[in-house]
Amino acid sequence: MNYHWNWGIYLEQIKGGEETYLSWLMTGLGWTVSVSLCSWVIALFLGFLIGTLRTAPTRWGARLCTAYVELFRNIPLLVQMFLWFFVVPELLPRNLSLWVKQEMPAKEFVTATVCLGLFTSARIAEQVRAGIQSLPRGQSHAGLAMGFTLPQTYRYVLLPMAFRIILPPLTSEFMNIFKNSSVAFAIGVLELTFQARQMQEDSEQGIETYLAVTLLYFICAYSANRGMSWLEKRTRIPGYIAAEK
Amino acid sequence: MKSCYRPLLCLLAVSLAANPVFAEELNGTLKKVKESGSITMGIRESSYPLSYLDDKQQPIGYHIDVCNKIVAAVKEKLQLAALKVQHQPVTSQNRIPLVSNGTVDLECGSTTNNEARQKQVSFVDTTFVTNVRMAVKKNSGIKGLDQLDGKPVATTSGTTSVQLMRGHEKGKKINFKEVYGKDHADSFLLLETDRAVAFVMDDNLLAGLIATSKNPKDYEVVGEVLNVEPIAVMVRKDDPQFKKLADDAVKGMMKSGELQKLYTKWFMSPIPPKNISMNFPMSEKLKELIKNPSDAPAEAYNKKQ
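These protein sequence lines map, in sequence, to chains A and B.
Our numbering puts the first sequence at residues 1 to 245.
Our numbering puts the second sequence at residues 1 to 305.
Hints were generated in silico from the structure; no laboratory data involved.
Please read these numbers as outputs of a predicted model, since none were measured by experiment.
Cβ coordinates follow ideal geometry from the N, Cα and C atoms, glycine included.
Treat the hints with caution; some may be incorrect.
Chain B regions said to be covered by chain A (calculated; three or more residues, Cβ under 8 Å) [stated by the list, open to error]: (1) 114-123; (2) 155-163.
Which chain A residues stay away from chain B? Per the calculated CB distances, all over 10 Å, these [what the hints assert, rightly or not]: (3) M26; (4) C38; (5) P76; (6) L98; (7) V114; (8) Q133; (9) S134; (10) R137; (11) A145; (12) T153; (13) M161; (14) I187; (15) L190; (16) A221; (17) T235.
Computed cross-link-like contacts, DSSO-like style, restricted to lysine-lysine with a CA-CA straight-line distance of at most 27 Å [unchecked claim]: (18) B:K251 - B:K31; (19) A:K15 - B:K119; (20) A:K15 - B:K177; (21) B:K303 - A:K15; (22) B:K32 - B:K237; (23) B:K172 - A:K15; (24) B:K274 - A:K15; (25) B:K303 - B:K243.
With the sequences and hints as input, model every part of the structure.
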């Protein structure tokens, strides 16, 4: 293959500017991490809320939550991004719509974060539900028999155990959120994939560009993995699921 | 002795026909084409009107016609009875790797010839010149870039226009709110739905997007030229034999007036799929290049004063 290699490209200045390509990639990394962590907060909060409600005895609440999960699970992430970015503002009143489209600060970031957060929350909700349902029924009966109210039973008995059970799939979800954040480039968030496309266009060193980006995504996802693994060890209770050693 | 002549002559004639004598030995792309009996054209799916697919999914366009001429020249030079032409759709992300690694022999799209790319590939003589300008809605009253301070301005990510806009901001100390579409259709949607008040891009692409939009009369291309970019057919680097053949084919078309005719066909007359004319007269720069063909990169056109 007739390829002109240039491993020094990262430190070269971009055309017509003072920044280096490395600084572009670092800006991209910054946005990737911000979008991912902010959506993770949304996803955890909503995911636990909805997953819990799906197991609660209130029938209509559980149905509503099932609908929520199915809605966000069954539409591709990229399509959801476009729906939030292009369609939802059109449904607002004219003035508010124009404000959202033109004036709203960091609108791409907000849209991407909300979209990715809701998408992931549906997946987490399913895991939380599965975690709670995997507990023996006697656990909630015992809690209620102790005089706990239903919310207290969830708070002190069911959720702490369910959380420990679902930590491994949550780890995957946390890693996924970094990888899924790459879709945000489609609505113009200046994250890693966006900067990669820009750098490859500007420098014409496509292989070097995508190798660096691959490495950065790997570092993100792997750090998430290590962090969660640490959390798993920290929250381990002797005598409860696989707590030997 | 006389009877010996004829078979010998026949043999000579046959051997001449089977092994045409070339003035030079074949190498690179021409050798590959000769051996495989096929040549691969890289085509774009929606670069109006340079290279795009018609309603039967066949590649058509100004650069497709130019490339067909080059292919005809290759066929003639190699004295091939048949030359199979394959079409490989390419994108702006993969077109250069696909040319360098040999998948595509001749990229007939809308590629800007610039210095960074010349490190990886070569370009045939420039056959089209685009100016980077902006499309706006007519009723916005915007006429120049200076009116865009603090306003959202769209462009397509992964294009040279992104850097041009940033550079212009620094030079003029004005501040756009940049918004990015992932492709030209998305960027145009940003303008159409008022997410951006202007869309900065190659003027021929803007004219094409406007011509195919819902209400072409609502938009116009305005403002100063941010950059002049020579667009050309792309070939592999370090293959002077093939490049010269392609250059000569293009020069021939320029001299005979055929290129001008193709220009009129694609830029000044109704074209598929909507039978709308781009109405895009030939620029002075391209007229100049037809008189003096050149494969100089964009940087040569935009020297800092």
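Hint check results:
no. : hint            : result
1   : 114-123         : holds (count 4)
2   : 155-163         : holds (count 6)
3   : M26             : 17 Å, holds
4   : C38             : 20 Å, holds
5   : P76             : 15 Å, holds
6   : L98             : 6 Å, violated
7   : V114            : 17 Å, holds
8   : Q133            : 40 Å, holds
9   : S134            : 41 Å, holds
10  : R137            : 49 Å, holds
11  : A145            : 57 Å, holds
12  : T153            : 48 Å, holds
13  : M161            : 44 Å, holds
14  : I187            : 8 Å, violated
15  : L190            : 8 Å, violated
16  : A221            : 23 Å, holds
17  : T235            : 40 Å, holds
18  : B:K251 - B:K31  : 23 Å, holds
19  : A:K15 - B:K119  : 15 Å, holds
20  : A:K15 - B:K177  : 21 Å, holds
21  : B:K303 - A:K15  : 13 Å, holds
22  : B:K32 - B:K237  : 15 Å, holds
23  : B:K172 - A:K15  : 17 Å, holds
24  : B:K274 - A:K15  : 39 Å, violated
25  : B:K303 - B:K243 : 26 Å, holds
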